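Working from the sequences, and respecting the hints, build out all of it.
2 protein chains.
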Amino acid sequence: MATSSNRYRADLRDFRFVLFEQFKLGALLGSGHFEDWGPEEVSSVLSEAYRYAVEVAGPLGPVGDREGCRLVDGKVRTPSGFKAGYERLYAGGFKSLTLEPEWGGARAPKSLAILVNELTSGPNAALDMYGGLTLGAAELVEAFGTPDQKQRFCHKMFSGEWAGTMCLTEPQAGSDVGEAATVATKNPDGTYAIRGTKMFISGGDQDITENIIHMVLARVPGAPKGTRGLSLFVVPKLRLDGTSNDVKVPSIEHKMGLNGSSTCVVNFGDDGACVGELVGAAEGQGMRQMFQMMNFARIGVGVQGLACASTAYLNALAYARERKQGPRIENARDVDAPRVAILEHADIRRTLLEMKAKIEGIRAMVVKAGWHHDAARQEPDASRGEYHAGQIELLTPLIKAYASDQGFRIAELAIQIFGGAGYTQDHPVEQYCRDAKIFAIYEGTNHIQALDLVGRKLGQAKGANARAFFGDVLGFVAKHRQHPRLGPAVAELERAANAAAAGALQLSEWSTGQLARVSMVATDYLNSLSEVCVGWLLLDAAVLAAEALPAVAADHPDHAFYQGKVQAAEYFALWVLPVATTRLKTLQHAPTSPLDIPDHAFAGV
Amino acid sequence: MATSSNRYRADLRDFRFVLFEQFKLGALLGSGHFEDWGPEEVSSVLSEAYRYAVEVAGPLGPVGDREGCRLVDGKVRTPSGFKAGYERLYAGGFKSLTLEPEWGGARAPKSLAILVNELTSGPNAALDMYGGLTLGAAELVEAFGTPDQKQRFCHKMFSGEWAGTMCLTEPQAGSDVGEAATVATKNPDGTYAIRGTKMFISGGDQDITENIIHMVLARVPGAPKGTRGLSLFVVPKLRLDGTSNDVKVPSIEHKMGLNGSSTCVVNFGDDGACVGELVGAAEGQGMRQMFQMMNFARIGVGVQGLACASTAYLNALAYARERKQGPRIENARDVDAPRVAILEHADIRRTLLEMKAKIEGIRAMVVKAGWHHDAARQEPDASRGEYHAGQIELLTPLIKAYASDQGFRIAELAIQIFGGAGYTQDHPVEQYCRDAKIFAIYEGTNHIQALDLVGRKLGQAKGANARAFFGDVLGFVAKHRQHPRLGPAVAELERAANAAAAGALQLSEWSTGQLARVSMVATDYLNSLSEVCVGWLLLDAAVLAAEALPAVAADHPDHAFYQGKVQAAEYFALWVLPVATTRLKTLQHAPTSPLDIPDHAFAGV
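Sequences listed follow chains A and B, in order. Going letter by letter, the first sequence gives residues 180 to 784 in this note's numbering. Going letter by letter, the second sequence gives residues 180 to 784 in this note's numbering.
No lab work stands behind these hints: they were computed from the structure. What you are looking at is a predicted structure, and each value in this text was computed from that prediction instead of being measured. Heads up, a few of these hints could be off.
[Said to hold, decoys possible] DSS-like mimics (lysine-lysine), calculated; alpha carbons at most 25 Å apart, straight line:
#1 A:Lys-764 / B:Lys-764
#2 B:Lys-262 / B:Lys-427
#3 A:Lys-641 / A:Lys-764
#4 B:Lys-254 / B:Lys-335
#5 A:Lys-254 / A:Lys-427
#6 A:Lys-404 / B:Lys-503
#7 B:Lys-503 / A:Lys-503
#8 B:Lys-365 / B:Lys-404
#9 A:Lys-329 / A:Lys-365
Take a look at the structure:
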């Protein structure tokens with residue numbers, strides 16, 4: 180009964196708005212690091228990525244889901260077409276955009292790369308991950324490897340000829356990475372014998388690339404306990420002479436979604452013949468090295484959530500435009516009244532507007548992180564550089580956790596808009612929902628993000644990053660409090676921002692001696708602060724849209740687009756932010772029932 | 180890596196608490212309609228249903244999910260073991276508890292039957308639905324059929340020998356049931372020739388029972404448009420002489436979950452040879468008849484949500500007790516600190532307490548609906564009977580929508596507590612989550628429930644039902660406002676209840692002339708009113724628990740159980756209700772952005 184085609188959708192008009200109108204990327208282009216880039220180059224890359232998304236990755240989305248990965252004779256078979264899809268991903272250059280020319284890159288702005296990532300991930304997160312993890316692994320070698328390691332590994336990894344993985348998790352060491360027990364014993368030739376079991380390794384095996392380069396956290400004998408004792412190793416599946424390196428995949432997971440991405444248990448050195456190389460020259464740097472790459476890996480997961488949410492929304496919107504059901508509510512009792520598209524029903528409109536507002540606000544938030552990176556590159560003033568770096572630090576946990584949670588929730592709303600049809604595989608939204616759940620778990624669960632926010636980021640640089648953030652928000656408020664149209668919405672933002680600032684102070688007080696209370700409210704705080712940020716960026720966009728509107732002809736598509744920006748911001752500020760404010764105030768004197776309840780009182784069994 | 184067994188869990192202590200301590204079911208037993216029932220009989224039925232759940236239905240849960248239903252040569256094959264499971268369901272008498280002895284029933288209280296339904300549905304909603312729909316279909320015949328129809332159909336349907344279905348939806352007629360186009364043309368012998376296509380028919384075909392009795396809404400030629408022109412027909416798959424009745428299943432749906440339940444397209448009369456019987460004597464009564472059965476069908480869907488949520492919670496709790504990860508947060512920097520069960524982490528405790536509070540509050544809400552039914556039976560005073568019937572009317576949309584939405588959400592939280600393991604099929608929670616999504620859609624989408632609440636139930640009996648509800652809540656508040664422990668929590672309930680009452684007045688004003696605004700806020704209103712009800716019932720339970728506590732020895736399991744009741748109510752009142760209050764206040768002056776935004780402003784594409 181499919182009435183919508185099973186396809187990926189994206190709103191490139193909004194991409195251009197966020198990049199050029201809201202963040203004024205144009206001002207950073209055409210000189211310095213971005214001298215080869217102008218607005219046309221940016222638009223052209225977006226169009227090409229969109230074509231790849233619709234023509235290549237999109238059609239493989241349901242194939243990957245239905246076929247899934249299989250383990251046959253110890254080797255993973257990926258779904259039909261994934262190898263060809265991966266090759267097209269690399270042929271398009273979408274995974275090397277920001278790299279230096281030395282590595283086949285184009286020195287593209289990070290803010291653009293992030294939106295290209297939305298386009299490559301949205302239609303098929305499973306396929307995209309093989310490339311995303313490869314890029315992350317190669318960037319680790321490039322950042323911390325010896326010159327010789329870079330030459331031997333980076334060319335083939337950045338080009339996608341070899342894939343890469345991140346091997347952190349072990350059965351007993353999930354969120355508690357420091358418990359990792361994989362052992363690396365130095366060989367006389369300076370290499371290391373690796374022995375241990377890693378699990379939940381995405382792309383741990385596949386039949387797409389001729390080799391897989393595993394980045395493995397392991398412990399040298401005698402190293403300290405905890406994360407301080409971990410070192411990072413390059414462990415190829417095949418040694419560079421093509422022989423086996425004793426890396427085995429005994430099993431893969433059967434999952435709720437993301438079935439096209441292989442999730443593997445990987446055994447290193449079962450037969451005592453696994454050889455790895457220390458990344459760089461010093462042992463014990465593994466966590467520091469991983470952490471340095473972690474911000475953009477986490478932002479990447481947020482982008483997965485955004486991408487899923489956005490295509491789910493646009494599919495639901497298309498369905499709402501064509502599916503007719505019932506008359507307008509004013510004619511509910513008139514059996515002869517014309518049946519209307521469900522887009523005409525108020526609840527559908529409210530649901531869609533909430534989805535739209537959250538998606539566009541989250542998109543602005545991820546582009547903001549990329550923009551800070553790009554602006555810092557072009558910024559000669561060191562203190563401004565610190566400001567930009569600090570905002571990326573602060574935004575990272577918000578983006579990872581809020582965008583991934585909303586990715587799932589918005590996909591759920593999309594199912595609801597489709598009704599019974601959305602629960603079937605005739606439409607893509609149920610798969611988006613299943614795929615999205617893992618985004619809240621991997622790359623640090625969302626509560627780990629919340630702890631990162633309240634335990635680390637809020638107080639980072641003696642609180643300067645958080646102060647700068649609230650300063651930016653309240654500066655916007657001061658400037659636009661009297662806005663003729665958006666004034667009341669800006670006032671709601673002010674209330675929410677003040678409650679968030681007060682909450683930060685409260686958390687800081689609790690951080691000496693009452694750490695459990697901090698942890699208890701951290702998730703609520705992260706969600707609320709994310710909504711302050713999203714509300715701010717939506718209102719910032721709405722102010723620009725309201726300014727632009729008078730000059731746009733009423734029949735120009737931009738007229739509706741700008742109206743949409745104003746309505747979305749107003750909805751979010753007046754409907755969603757009051758709840759965030761209440762949550763922020765509540766958590767400052769939240770009862771400690773979760774801490775006080777005896778363990779055996781959770782259930783009568 | 181499964182560390183928990185893949186099994187159904189239930190907290191029977193809470194079942195007994197709600198039935199006997201909170202709703203004092205004992206007072207209704209032992210006389211009149213329930214003369215054969217006492218507390219021991221109730222406990223014994225619960226224990227037997229729990230044994231069926233754990234031993235029979237539970238193990239078939241993942242089997243049904245992985246195998247799914249298949250359509251082979253036009254016939255549905257259900258998963259392995261489903262036929263035997265269905266027979267055990269009926270052998271246990273769990274689908275005939277409330278019936279009269281004439282039909283093999285035991286005249287059990289509805290409040291008990293609802294909790295038995297939680298036990299039979301929770302481990303395997305797909306399997307349970309074959310029986311649930313059969314019971315609903317048989318009750319329709321019993322309520323509205325001719326004496327002859329009752330004799331021919333009810334015995335075999337109530338006993339489960341024949342199954343039943345509800346055939347309302349058609350491709351163009353989902354929420355808009357009145358658009359149904361299936362035609363019933365009277366034959367000279369008084370039967371009707373049925374012709375049309377129904378879709379999303381649960382159990383539309385299966386290989387479990389020898390016959391399937393379809394309850395079909397259809398339109399007699401010349402009947403009025405809309406729901407007024409619909410009549411209800413009994414249409415067996417096989418005529419009672421055993422020959423085919425021209426009922427075909429051309430396709431079944433492939434779904435996100437509930438895979439063990441066949442979801443069928445059913446064609447009636449493709450070859451002009453499908454014969455149906457009008458239910459009762461008069462045409463045009465179809466919707467009225469359906470509606471009369473709808474309350475408990477909808478409550479049944481709420482119970483599906485509750486059941487899913489509860490077993491997801493108890494599985495997550497069991498996992499949290501055994502899974503060790505990280506030290507206590509106070510020792511975060513001490514690598515030698517002992518690793519603790521994740522139940523010790525504040526965020527896990529808060530998440531579990533939120534799940535527990537919602538589940539126990541929802542359970543009290545569904546039992547309340549059953550209790551009103553039971554109390555009315557034993558009530559000689561007609562005005563009290565109206566009060567009870569009115570509360571069932573009012574509670575029905577809350578139960579259906581809130582419990583189904585929370586079923587999905589709580590299953591999601593359970594996945595999050597399991598972390599990566601929860602995303603795999605090694606644990607049951609991801610299936611609970613996938614199964615639960617449909618509960619928000621079928622039997623009237625949750626927005627249809629919201630419209631039923633704000634458009635029908637709030638104003639029903641000239642508002643008497645709603646006034647009685649708020650009167651009950653505020654009566655409780657007046658009585659317990661000074662409670663030494665729970666006073667502040669009761670004060671939060673008062674604020675929320677007053678906001679909900681004010682919201683009802685606002686909705687009533689909008690209902691003349693501003694219907695779209697009513698629809699726009701209906702879902703938020705339903706959710707908030709549900710939380711008022713849940714918060715009230717949790718606090719009511721907590722008051723009882725606080726009274727009981729001093730007399731219970733500290734090492735008796737009830738001591739922890741009652742403490743849990745107090746903590747859950749406090750958490751919900753002080754952490755969740757303030758948000759509901761804000762939402763209720765917000766929607767009274769919510770912006771009309773969802774109505775104002777132009778259709779083409781939802782996206783720039």
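* To do: Return the numbers of the hints above that this structure violates; sort them in rising order.
  => Checked against the structure, the only hint that fails is number 7, while the rest are satisfied.
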